[in-house]
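Mapping of the sequence shown onto the numbering used here: residues 157 to 502, in sequence order.
None of these hints come from the bench; they were simulated from the model.
Accuracy of the hints is not assured; some may be wrong.
[Stated by the list, open to error] The calculated SDA-like cross-link candidates involving lysine to any residue, where the alpha carbons are at most 20 angstroms apart (straight line), are:
(1) Lys404 to Gly440
(2) Lys351 to Gly291
(3) Lys451 to Glu292
(4) Lys404 to Lys351
(5) Lys415 to Ala395
(6) Lys412 to Gly429
(7) Lys416 to Ala336
(8) Lys253 to Tyr222
(9) Lys253 to Gly243
(10) Lys415 to Gly323
(11) Lys481 to Lys415
(12) Lys373 to Asn409
(13) Lys415 to Trp376
(14) Lys192 to Thr169
(15) Lys253 to Ala242
(16) Lys351 to Pro167
(17) Lys373 to Pro438
(18) Lys394 to Leu413
(19) Lys448 to Gly473
(20) Lys474 to Lys448
(21) Lys261 to Glu292
(22) Lys255 to Glu212
(23) Lys404 to Lys481
(24) Lys351 to Lys253
(25) Lys404 to Glu477
(26) Lys373 to Ala399
(27) Lys304 to Gly323
(28) Lys373 to Lys451
(29) Lys253 to Thr306
(30) Lys481 to Thr437
(31) Lys304 to Asp337
(32) Lys351 to Lys481
Every value quoted in this text rests on a predicted model; they were computed, and no experiment measured them.
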Amino acid sequence: ADPSPSKPRMPATKLFCFGNPLLDVSSEVDQSFLDKYGVTLNNAIMAEEKHLPVFEDLATNHSPLYIAGGATQNTARVAQWQVNEAGAVTYTGAIGKDKFGETLKKAAASDGLTTVYNEVDGVATGTCAVLVNGGERSLIANLAASEKYTIAWTQSPAVSEAISAAGMYYMAGFVLTHSADTVMHIAKHADANGKTMMMNTSAPFLFEVPPFFAAFKEAWEYLDVVVGNESEAAAMGKAFGWAETDIKSIAINAAKLPKKNAAKPRMVVITQGSDSTVVATPDGATEYAVTKIDKIVDTNGAGDAFCGGFFSGLMLGKSVEDAVKCGHYTASVVIQRNGCQFSDAA
């Protein structure tokens, strides 16, 4: 026998996630297609009336791929893959009782993710058009069932149990458009029990639309970890009225915003695609270089995958540097595949 057996690692801190479960409808499109629907690359928007025909258009003319998506569900699946312990990650969100809802359930189950879906009658499962052009992506989300999520479901026994069992919580900012009540419920639980509350800035519009920004500001003082990308950071800096426009300063300013539990300094993580990732606390910022990838298939899910890898590091008690490295690895896997897929990777 090995005279010095490696110490068994401590079980991971459990992660509970809440988001908009969406089925991605993904296709390569040209610039004229983007122009037709008035959308830009590297952005995410909520579908308005004028955008709804995009789903039919893709299905009829572009042979799209149907891939399990939803930013937070992607992150939850990746974190579960990396931690690789049964029951490490639990996810909730609302789906319809339909074929697309079944597809999301199957994808979650095949990745070992525990789900407690709020299944809604008479509303279709949400979808997200993923328009890929030159490796970059533009997202149009039709929330449908996902915005029918209710605080009553959060307070149901199955979900309450999962919330109590977790030590870390994560949700994309997107859910603030319909479920700020659940966000605050979880934030207050985390604060009262000394647990870790994490959110994603998700999209510039959350800082540009006054009611959404107000909801974000209310949640902000409970946030221990905030993750976002460079375009969201720019919108955040503008919304908060900061003079500085460089990413490092914005991240430090965001870390310094008032916090309920001041004993636990806030960490703000900003990814910048292939440029270095910035990690800030109120005391300053560190940059971590990203390994360049030659073969990029599409960037859809790259930020979600980074979060999944990064959080898995935190769940396992790793250093911030090692957690970032794990995030960079998981993002590199996902950008070499369509959507947030990784089942064939190490």
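Quick one, are lysine 304 and glycine 323 close enough, alpha carbons at most 20 angstroms? 26 angstroms, violated
Decide if the proposed pair is consistent with the structure: lysine 474 and lysine 448, CA atoms, cutoff 20 angstroms inclusive. The given pair, whose Cα atoms are some 23 angstroms apart, is violated under the 20 angstroms limit.
Decide if the proposed pair is consistent with the structure: lysine 253 and glycine 243, CA atoms, cutoff 20 angstroms inclusive. 24 angstroms, violated
Does lysine 255 pair with glutamate 212 here, judged by a C-alpha cut-off of 20 angstroms? Roughly 16 angstroms separates the two Cα atoms, so the pair holds.
Is lysine 415 within 20 angstroms of alanine 395, Cα to Cα? Holds - the C-alpha atoms of alanine 395 and lysine 415 are around 18 angstroms apart, at most 20 angstroms.
Are the Cα positions of lysine 394 and leucine 413 separated by 20 angstroms at most? Status holds; Cα separation ~15 angstroms.
Verify the proposed pairing of lysine 373 with alanine 399, using a straight-line Cα cut of 20 angstroms. Given that 20 angstroms is the threshold and the Cα spacing comes to 19 angstroms, the pair holds.
Does lysine 481 sit within 20 angstroms of lysine 404, going by the straight-line distance between their CA atoms? Since the Cα atoms of lysine 404 and lysine 481 sit roughly 19 angstroms apart, the hinted pair holds (cutoff 20 angstroms).
Would you check the hint for lysine 448 and glycine 473, treating anything up to 20 angstroms between C-alpha atoms as holding? The hint is violated at about 27 angstroms.
Agreement of lysine 404 and lysine 351 with the hint, judged by alpha carbon distance not exceeding 20 angstroms: It is violated: about 26 angstroms lies between the C-alpha atoms, which goes past 20 angstroms.
Holds or violated: are the alpha carbons of lysine 253 and threonine 306 at most 20 angstroms from each other? Measuring from Cα to Cα gives roughly 16 angstroms; hence the hint holds.
Under the criterion that the straight-line Cα-Cα distance not exceed 20 angstroms, is the pair lysine 416, alanine 336 satisfied? Holds - the C-alpha atoms of alanine 336 and lysine 416 are around 18 angstroms apart, at most 20 angstroms.
When each numbered hint is compared with the structure, violations occur for hints 2, 4, 6, 9, 11, 14, 15, 19, 20, 21, 24, 27, 28, 32.
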